[in-house]
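S.K.: Build the complex: two chains, separate frames, hints provided.
Spelled out from the first residue to the last, the chains are:
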Amino acid sequence: MNVINNKWIGQSTIRPDGADKVTGRASYSADTTMPGMIWGKVLRSPHAHARIVSIDTSRAEALPGVKAVVTHKDIVDFPLDKSVMLGIQDMRWMCRNVMAREKALFHGHPIAAVAAMSERIAAEACRLIEVEYEVLPHVIEIEDAIKPDAPILHDFVSFEGRPSNIAGKLEHKLGEVEAGFAAADVVIERSFTTRPVHQGYIEPHSCLVSVVDGKATIWSSSQGQFMVRAMTSLLTGIPQSDIRAIPAEIGGGFGGKTIIYLEPVATILAKKTGRPVKMVMSREEVMRATGPTSGSMSTVKIGAKKDGTIVAAQGTFYLQAGGLPGSPIRGAAGCAFAPYNIPNVLSTGFDVVSNRSKVAAYRAPGAPIGAYAVECVLDEVAEALKMDPLALRLKNAARQGTKAAHGPVYPVIGFVETIEAAMAHPHSQAPLGKHQGRGVASGFWFNAGGESSAQVNVTEDGNVVVTTGHPDIGGSRASIANITAELLGIDYKRVSVLIGDTATIGYSNLTGGSRVLFASAMVVTQSTEKVIKTLCERAAKIWKIDPEAVVWEDGEAKPAGENAGKFPGLSLAQIAAKASETGGPIGAGVQQNTQGAEGGFATHVCDVEVDVDLGIVRVLRYTSFQDVGRAVHPAYVEGQMQGGAAQGIGWALSEEYLYDKNGKVDNASFLDYRMPVCSDLPMLDAVMIEVPNPKHPQGVRGVGEVPLVPPLAAVANAVANALGKRFYSLPMSPPRVLEVLDGA
Amino acid sequence: MTEIRYIAPTTLDEAVGAYAAAAGAARILAGGTDLLVQMRSGAAQPGTIIDIKKIAETTSIQETPEGGFVIGAAVSGAVLAEHPRLGQAWPGVLEAINLIGSTQVQGRASAGGNLCNGSPAGDSVPAMVAAGAVVNLQGPNGRRTMPVEAFPAGPGRTNLAPGEILVSFTLPPRPKGSGDAYLRMIPRTEMDIAVVGVGVSLTLENGTVTAARVGLGAVAPTVLLVEDAAKALIGSKLEDAALEAAAAACSAACKPINDKRGTIAYRIKVAGVLLKRAVAIAAERAGRN
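Chains R and Y, in that order, give the protein sequences. Counted the way the numbering used here counts, the first sequence spans residues 2 to 745. Counted the way the numbering used here counts, the second sequence spans residues 13 to 301.
The shape of chain Y in the complex, shown without the other chains (with noise of 0.2 Å):
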């Protein structure tokens, strides 16, 4: 029978000295909505977990002083649906994260999580791909940063180099007229899997838009930022000419997979749909701002 060592240190050098000593044999627990399953199917069997939710920096949520936000890695959905003003300022990042699961696992569940658990269905990740996050990662050789969209590797794994663990989001701060997104389909309505996921942000000056960033998950082994899909918005009035060269950027972005979950000709397309109504989504939600 294997013993399995379980550590809650509560610095963040704490946490990266036993990662890396443990040499590939630890795994990070946050929430543990996806370790958890894993380690009880058989798909992980760790010889030391290293909880990171007593560390203050991973699960805590900081202002900058520019007005952007500093989201911990282990801070549960649920705590941040209560936040005064994360939700005002990136409702689309927000509702992807409180997407996750059930209402029990939000009490849990982590975007950081989300994001290491190396998912392309992960729907907290076209969000913040969207927003355009860094995140914040420190291990053996000091910490450094990486735009969301460069953290996955494939489905199941990350850039993270050995011994380094995700720490934090960084959000950077909203212009005026900003609003984003999250749309996914699933065949239930809630309790499922995404088929496809759309995350877009936009910035609008007098109905135009000035800034868009699209995420797509779920139809390719990473989820994608799709720079054609934003170049297409970029300078439109979100007129449908505009619109449909969007949804076609996201349906040629698409590399999906025939699976339980969707065909390919079903996720190209549903790229294509979600694109536009998260765009309206979005849009309506900047004209607010």
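If we strip away everything but chain R, and leave its shape as in the complex, we get (with noise of 0.2 Å):
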């Protein structure tokens, strides 16, 4: 399918949600609605760190229009010395996520839910639960979390034989980095910190869950409705043939929909209460209790020799976890040296829990949070060497072939072009003003493939319905129907692509990791195929000809061979129009661990001015350069690309969470936590590289998550660039510009 003649995959089609969403008439999970519905609300704790000495929910039980109450009692409990996973995620984490167990481990930590007539009554009730609370010491930060005498958040948990707060720890390694630095000419070692940033979905958590007759209907906002079934049949203990969970239309994921939060409860209240249960997180809900991405602290030793070749990089990462374990350490560790050829390696990360709302997954998962580091890193290396920090990254850049220190050999992999892009392309050539400065960077991110389903049916009117199991968060849905219109050589008008339930298709993995094009693509493909044989055949069958001398050219089964010419050829309306004739209704469907997802790399450059009276950093001009493999859908293609670099600014130099003295948020809200506006942006342009991933049939590579990888780097090397002086820690916020500015 790999041709430049394509004529739909390529285009930037109608995006079917589009005319939706700007009018309003989008249906996200809360404005659902159900005869007979109540409403459930979160009792939330009110201390960083306490361990839970009762619950007493009986004045809320006895207020009138209470319909019912929860706590961890409800929930099913996995207990500590037995790991269940689900994808990456630990059930023994997920039952206390959702429902504080021993201990409330942050403040706003889910103590009890109450379902009740109104969302008024449902709060009273809240406020009529008694929690004793035993109030513990509690840490925020790494640096106070891993010292000798921190409080313990777990007993555990142990870390070289004592307790600690570090619970996990991951180690790549390649080579003998000692020797390797031993061997260069110059070694620069910097420490980093960054803050948590949250994924800044517009549309907070909801969900309205029915039960009936033990059968639960759940239809919520989510990047994955399986997960959302198997989630909760974990921790309710109803089979998960008895759950039905619907997707909505979702107002932003970022990965943080990759977890749940209200639907087990939803599902236990409906289940007490025989009536559907609505719940909606508020805005501070949010920010308190879901998953942002980890705060950091990281070291990291780059040695090269004079000639600019790398000889040996270490980093050191230490993650926050939150309240439970499990920080992308993994993808901090595994992909900061990724892009690079680099023989002697040593990367390793630490998982740290602290007392902070448990993270989730956040576009490229860690993997910013090392690019930081690595990239500032190379930027002073380029300096020491004056090397121009591009050509220092093409001399070291990871080709096909390269040894990658988290395991694999890449296969054809588009990094150089990146690069190559980037030097090439007028922005990084055009003139800066005072106080002006432009930074570069590189990032690399897995990408992932997994369990994918697809059913393609042909009407009977002879158009196509395409139904898969991912939520569309990136544009999955267009792109689906440029490929299936490509495949049947038939207008993309003609091809509706749905995202079904879990009981309308087969299983299908999250979308999440970059996955979802790729994987899907890949049932699709095979099952259109399908399709086209069952078409040539119902010909052939018209025809009465061997099916082998039928082919599909052009929307049309043909004669081939020794028939050629002999039957004006079928459209797929004229097969469908005799399908009941020929052998019955047409369709296919295909389900797949898909196979072969490559490493999607990225190169930006940045352009900033800093305004050295106020602090403030003002991004000028952006520009990503990445190998998206093939893009199927341009226009959503260079979103994924924008979408990315807008995050990464915002973690730059805007977003952190603030906390009070007591271990609670201060700056719950989007008015104080402060993610990029419109206006703080300048029109941020995305150059795509196509280097077609072999593995694929149309060459996909994932795109969605290697766009936030590296921004941080790119920006706070642009500041370097702008200021003469460097900053160690995010974000690049004013009152810190100036701090670092005055301290000359």
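Please note: incorrect hints may appear among the correct ones.
Stated by the list, open to error - Below, simulated DSSO-like cross-link-like pairs (lysine-lysine); rule was C-alpha separation at most 30 Å, straight line: (1) Y:Lys249 <-> Y:Lys267; (2) R:Lys494 <-> R:Lys22; (3) R:Lys216 <-> R:Lys83; (4) R:Lys22 <-> R:Lys74; (5) Y:Lys272 <-> R:Lys148; (6) R:Lys542 <-> R:Lys531; (7) Y:Lys272 <-> R:Lys662; (8) R:Lys665 <-> Y:Lys267; (9) Y:Lys272 <-> Y:Lys288; (10) R:Lys396 <-> R:Lys307; (11) R:Lys74 <-> R:Lys665; (12) R:Lys74 <-> R:Lys216; (13) R:Lys559 <-> R:Lys148; (14) Y:Lys243 <-> Y:Lys288; (15) R:Lys494 <-> R:Lys579; (16) R:Lys404 <-> R:Lys696; (17) R:Lys306 <-> R:Lys273; (18) R:Lys170 <-> R:Lys148; (19) R:Lys662 <-> Y:Lys267; (20) Y:Lys66 <-> R:Lys726; (21) R:Lys435 <-> Y:Lys249; (22) R:Lys494 <-> R:Lys559; (23) R:Lys665 <-> Y:Lys272; (24) R:Lys531 <-> R:Lys545; (25) R:Lys435 <-> Y:Lys267; (26) R:Lys567 <-> R:Lys579; (27) R:Lys726 <-> Y:Lys243.
Just so you know, these hints were derived from the structure itself, not from any lab.
M.R.: Take a look at the structure:
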């Protein structure tokens, strides 16, 4: 399929959800209502760290209008001594995150939930629940959490034989770093910190659950209806076959909706009351109790020869997990040095618990943290060697055959192409003014394949309906329609792509890991090929010739071989009209654990200007260069690249959680948690480079996550270039910028 | 469940009567861009809401025979922006009011509400202070006036007497050679709250400052009138030394706190920086008038 004369692949076709979303017609989970519906509310911990001595719900239950109360006793317990994994989530931690068991681990941790006739009654009932806490000393920051005398969150966690807040360690090793550094002419070692940042989806978590005759139906907004089903099943004890999870349109996820918070609670409330129960988080609840990504503390050391050859690299990355283990150390330690061909690498990640909300995935989880430290040190290496920073990266760039420290030997990859494109682009040569600077940075993300299911059906009137199992958070419906139209040789508008619920389509893994188009295009392609084969067979039947002598071309079955030209071609509509007479309905489905997803690489160039009196950094120009494999729907791919850059700029300059002395988030709103607004950013340019993935029918590589990997360092390097001073912690907010400037 | 009573009187007397009768259980509703948010968050639970948008005096803009303006407390920012002469005479006041909230919020938000909210970071307040605006109040004991800078009592508190309603602002006539400006520091470019706000009003004759007022916001429990900064500017030709002295006076006047929006050191420094920048804009505008 990878030819440039494709008719639909490579077209920015009109997105199926566009008009719905801009007119407000799109139906999100909070828009769902049912007759007899009641409301659920969560009582949350007012303490950052406390033992739960007792919970008395009797006064709440006595309040008129209250229908049910749940506590941790109603949630299936997963004992601490046995790990039960669902994807990357350990159910021991999930059950404790959904409802605190032994301890409240962060301010905002759910303690109990109430279902009542109205939201107000439910909220009032929450206030009537009497919880006795034994308040414990809390710890928020990594540097405090790893001190020997730090308050320990979990008795069951130990590190190097002692009780600890370090809940895990991961190491990637290649060669011998010490020998490598000994051979280097220049060695630079620096330490960095970043703050936790939230995914910032506009739509708060919400769900509506109805349980009738023991069978649950869940309408919710998530990045995986099958994940919702599986986790709800595990946490409630209801078998998966009795849970139907219906995905709503989603108002942003960015990884944050790959876990659940409300669904099992609402399911139990609905089961107890016999009424549909709706739960909707406020923005404040989202900011206090749902996963941001980790804050971090890292040290990176890189050694290079005079000619720029990197001979050794070492990184140590401490990542915040929140109150329960499970930070993305694999992304930080694994991706940090992955863009480069370095013979000696030691990359270590530490998972650190503290009294914050449990982290959740955020686009390329952990990778931006690793890349920030590595790409900033690389900039200093380039400076020390008087080399152009892009030339240094090009010299050491990973290529086909490079062995990466996290394991693989790379197949065909397009990293070099991104650097060369950046070097050749006018942006890299554009003049800079006073207090302006330019920075570059690169990045890598693994990308994923995994389980997907698809069904392609021909309608009786000769059009096509494709059903897949992935919530569409980045253009999968339009892209799948492009591919199906291309394969069938029909107009894009004749293909409808729908997202099935857990009862109507086979198991499909999460929308995450930049996997959806890679995986669903594979199963849709195979399904469509089966449909085409059937269409040819039906035409052969009509013509009474051998099916092998029929080909599918330009949206028609045509006789081929010795029969070529004997009959006029039969269109999809003509064959569909005779489907019943020729053997029945036409359609095909394929379910597969897809393999062959290959990594994604990007290089970003950023210009900033600093108001040196106010400490404000403004991004003037930003260009992303990314190997996108094959841009099936270019406008969506550009959107992914722009979105990642925008989020990374926010991470670099303005976003951070602020805690008060009691361990409570002090800025739990979009007013004071400062994500960039439109006017903060220039138009973000996206340059797509297509180095097709040879293991995919359309050459697809995941494109959704790597755009967030380079920006932190690209912005930081630009600020350093503008000011001649380096910042080693994010965000580079105005007060911090002035502090550093005035410290001169 | 508590019931909320909503009334929308058409005269001030009626409004004052209802407000006084509610004995503290009522809240005045102008645009509602603060009140409704407070009610939703549970911070305000009024028994009665008195909407003053049906009262002519609180919703109109009058020009005085001397060339001043009387602006109703409930006039929205968007309506003020459409006035043919207000923005020429008081561009700084107008730009400050128009910075409150988004375009949608501008259709409702008023200078009166901004002042009554009592926030030290209210954008319109330093500009009003610099303009020498006077507020007209009406209560059970009749009518009185006070300078804008005397109105706030602390974060979230005002010097309104019980039962008293803010009716309007009076902006004085503008001598020739006058200009004003308002600048604020926010980390973002919009949709944010001032970390520091500076309002400056100047009158110049042949390049010499003959009158100046400086209002400073978000750096103390209330918006401040910085008389020392004005003194440093009056009589000067805005030489560097005068600007530095005025900036230093602004920094010296700051009594800020460390909070999630800014540090003490940052606010003190930025107050001086913004003073200089606001003076430059006000002087440029004065040169055109």
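S.K.: For each hint, tell me whether it holds in the structure or not.
M.R.: Status of the hints after comparison with the structure:
1. Y:Lys249 <-> Y:Lys267: Given pair Lys249 (chain Y), Lys267 (chain Y) holds - Cα atoms ~29 Å apart, limit 30 Å.
2. R:Lys494 <-> R:Lys22: holds (19 Å)
3. R:Lys216 <-> R:Lys83: Holds. Lys216 (chain R) to Lys83 (chain R) sits at ~29 Å (cutoff 30 Å).
4. R:Lys22 <-> R:Lys74: Not OK: Lys22 (chain R) and Lys74 (chain R) at ~40 Å, beyond 30 Å, violated.
5. Y:Lys272 <-> R:Lys148: Cα-Cα ~26 Å, so holds.
6. R:Lys542 <-> R:Lys531: Distance ~17 Å between Lys542 (chain R) and Lys531 (chain R) Cα, so the pair holds.
7. Y:Lys272 <-> R:Lys662: It holds: about 12 Å lies between the C-alpha atoms, which stays within 30 Å.
8. R:Lys665 <-> Y:Lys267: holds (26 Å)
9. Y:Lys272 <-> Y:Lys288: Holds, at about 25 Å.
10. R:Lys396 <-> R:Lys307: The given pair, whose Cα atoms are some 12 Å apart, holds under the 30 Å limit.
11. R:Lys74 <-> R:Lys665: Answer holds: Lys74 (chain R) to Lys665 (chain R) is near 26 Å, not above 30 Å.
12. R:Lys74 <-> R:Lys216: holds (21 Å)
13. R:Lys559 <-> R:Lys148: The given pair, whose Cα atoms are some 74 Å apart, is violated under the 30 Å limit.
14. Y:Lys243 <-> Y:Lys288: Given pair Lys243 (chain Y), Lys288 (chain Y) holds - Cα atoms ~14 Å apart, limit 30 Å.
15. R:Lys494 <-> R:Lys579: holds (22 Å)
16. R:Lys404 <-> R:Lys696: With Cα atoms ~19 Å apart, Lys404 (chain R) and Lys696 (chain R) stay inside 30 Å; holds.
17. R:Lys306 <-> R:Lys273: violated (68 Å)
18. R:Lys170 <-> R:Lys148: Holds, because 17 Å separates the two Cα atoms, which is no more than 30 Å.
19. R:Lys662 <-> Y:Lys267: holds (22 Å)
20. Y:Lys66 <-> R:Lys726: violated (58 Å)
21. R:Lys435 <-> Y:Lys249: holds (28 Å)
22. R:Lys494 <-> R:Lys559: Given pair Lys494 (chain R), Lys559 (chain R) holds - Cα atoms ~23 Å apart, limit 30 Å.
23. R:Lys665 <-> Y:Lys272: With a Cα-Cα distance of about 12 Å, the restraint between Lys665 (chain R) and Lys272 (chain Y) holds, given a limit of 30 Å.
24. R:Lys531 <-> R:Lys545: holds (20 Å)
25. R:Lys435 <-> Y:Lys267: Violated, because 33 Å separates the two Cα atoms, which is more than 30 Å.
26. R:Lys567 <-> R:Lys579: holds (20 Å)
27. R:Lys726 <-> Y:Lys243: Given that 30 Å is the threshold and the Cα spacing comes to 38 Å, the pair is violated.
Checked against the numbered hints given earlier, this structure breaks hints 4, 13, 17, 20, 25, 27; the rest are met.
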